[in-house]
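*Asks:* Position in the sequence shown (first residue = 1) + 9 = this note's numbering.
Warning: the hint list may mix true and false statements.
Have a look at the derived ranges for each label pair, beta carbon to beta carbon [stated by the list, open to error]: (1) G108 x P232: 32 to 42 Å; (2) A479 x S276: 54 to 64 Å; (3) G470 x G164: 35 to 45 Å.
Don't read these hints as lab results, they were simulated from the structure. Using N, Cα and C, we set each Cβ at its ideal position, and we do this for glycine too.
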Amino acid sequence: MQHDRSGRSGHPKRWFGWAPIVVLIAFFALAPGSASAGRLLVTGHDADLHCSGGSQCHYVQTAVNYVRAGAPDPTKPVLVLDRLDLDFVVALDTAFGAGAVPRVVMDPRSAQFAAAPLTTSRYSAILIASDINCGGCDLNEGDSTPDSDAIAARGADIAAFFNAGGGVYANSGATHGDGDPASGTDNYYSFLPLPVGGKTVAPPFCLTPVGASLGLEDPSGCPDATKLRGTNEDINCCATHNSFTEPPAGSALQVAERDLGADGIVSADDAPETIIADGRASGGRIVEPSAVPKLGRTVLAQVIRGKVFVRKPGQRRFVELSEDSLIRVGSLVDTRRGTVRLTSALPQNGATQSGDFSTGIFQVRQSGKRSAKGLTELRLAGGSFRRCGTSTRRSRASGPTARATASKTIRRLRGKADGRYRTRGRNSSATVRGTTWDTIDRCDGTLTKVARGRVAVRDFGLGRTVLVRAGRSYLARAR
Numbered sequence: 010m011q012h013d014r015s016g017r018s019g020h021p022k023r024w025f026g027w028a029p030i031v032v033l034i035a036f037f038a039l040a041p042g043s044a045s046a047g048r049l050l051v052t053g054h055d056a057d058l059h060c061s062g063g064s065q066c067h068y069v070q071t072a073v074n075y076v077r078a079g080a081p082d083p084t085k086p087v088l089v090l091d092r093l094d095l096d097f098v099v100a101l102d103t104a105f106g107a108g109a110v111p112r113v114v115m116d117p118r119s120a121q122f123a124a125a126p127l128t129t130s131r132y133s134a135i136l137i138a139s140d141i142n143c144g145g146c147d148l149n150e151g152d153s154t155p156d157s158d159a160i161a162a163r164g165a166d167i168a169a170f171f172n173a174g175g176g177v178y179a180n181s182g183a184t185h186g187d188g189d190p191a192s193g194t195d196n197y198y199s200f201l202p203l204p205v206g207g208k209t210v211a212p213p214f215c216l217t218p219v220g221a222s223l224g225l226e227d228p229s230g231c232p233d234a235t236k237l238r239g240t241n242e243d244i245n246c247c248a249t250h251n252s253f254t255e256p257p258a259g260s261a262l263q264v265a266e267r268d269l270g271a272d273g274i275v276s277a278d279d280a281p282e283t284i285i286a287d288g289r290a291s292g293g294r295i296v297e298p299s300a301v302p303k304l305g306r307t308v309l310a311q312v313i314r315g316k317v318f319v320r321k322p323g324q325r326r327f328v329e330l331s332e333d334s335l336i337r338v339g340s341l342v343d344t345r346r347g348t349v350r351l352t353s354a355l356p357q358n359g360a361t362q363s364g365d366f367s368t369g370i371f372q373v374r375q376s377g378k379r380s381a382k383g384l385t386e387l388r389l390a391g392g393s394f395r396r397c398g399t400s401t402r403r404s405r406a407s408g409p410t411a412r413a414t415a416s417k418t419i420r421r422l423r424g425k426a427d428g429r430y431r432t433r434g435r436n437s438s439a440t441v442r443g444t445t446w447d448t449i450d451r452c453d454g455t456l457t458k459v460a461r462g463r464v465a466v467r468d469f470g471l472g473r474t475v476l477v478r479a480g481r482s483y484l485a486r487a488r
């Protein structure tokens, strides 16, 4: 297959439609994933390329259905990272029917992808096309990896998407994922903390019980007849370009199929070819899902960077948060030296929402009533307003010293959240959805600064709500 090396970028494209009824039945029959966990499938197969030509499409169906079905809303579009011939886009239409899978398509090296929000409110899964060295695929260049570099640059956002329940399906890394440094940099799979390396592939392939339960089929390729099943040539129809090393103990990674290893027979040296997981990215690994937060009772707290401390209700002292933990609503969280990710429950079907918070101390609050729709409130805590003086003294003061005192920061909190969150300061509250913002308690009032999105600020003194847009701020003055 010949390629147009000019590449194609521009505005993302979106397709919607209806899937064939048999595909929909298979999709919704899959068990939902755990709350606060995503679904991952990585493979050495370039099934996107082969399905664009009519082969290996049942593999694409199975993989896409698996990663989407665990999302908070599996009907959301998929984000396809592809360029050049857009093989993955063609594969989706070939496997499911034209337009059946709603999708947004982005060139990984484009400015649009670099700035695009990656959230489960927008997408059910992220699908990544194969490396160009598979012999006709779309991503990267022969001797460089601009697409993989761009995807890896969004690694923290992809991990957050995955941990919020989003699915990820990555195809063949070819020479940029085969474990051979002489063939190129192995960074195709570096966008997630995947604790396995690439390995030279040794076909044919055999399904494991995990792969069989996933729905993959192999009617004739594996030399062990006990492992054959189905009628679709999912794993042995086509050229394949890399395998993986064995997942470490304690990982959530499971092997769905293996190659035959160096000895060419079914034996202990057979390397993983497709790996799946229903888990979370944490501590440089994919781990089993953490305990599920309960609406109005607990939230899941994870340290993203630095040090975070928690004081649970009834405790006298703050304790460092050293691992993912469920903390009770009403707990105080100190993020002055780090960043914490809070995942709280929503009323519907075990869904969750997540936000990252830093630079301050706050109390976590959430109502258990369904009418509150999962709104999670973070009340600023700590700091002393005694240095501000009384309102009478502030009103009489003037000059540079008085102005400096008035604007002095007493406490603050920075948030980046996707979901229903509200920060509450002394003089106002800020309600957000998909926003980056700061809430700053000062002597002269509560300042809300918006970096992204829009924030509804409730001014307690004036009794009114003001909508603050990105790049703007609002001061609710102390009364």
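*Asks:* Look at the Cβ atoms of G470 and G164 and judge whether their distance stays inside 35 to 45 Å.
*Replies:* holds, 43 Å
*Asks:* Between G108 and P232, does the beta-carbon spacing fit 32 to 42 Å?
*Replies:* Roughly 40 Å apart at Cβ, these two residues keep to the hinted range, so it holds.
*Asks:* Determine whether the Cβ-Cβ distance between A479 and S276 falls within the hinted range of 54 to 64 Å.
*Replies:* Hint holds: Cβ distance 58 Å, inside 54 to 64 Å.
Hint violations for this structure: none, all hints satisfied.
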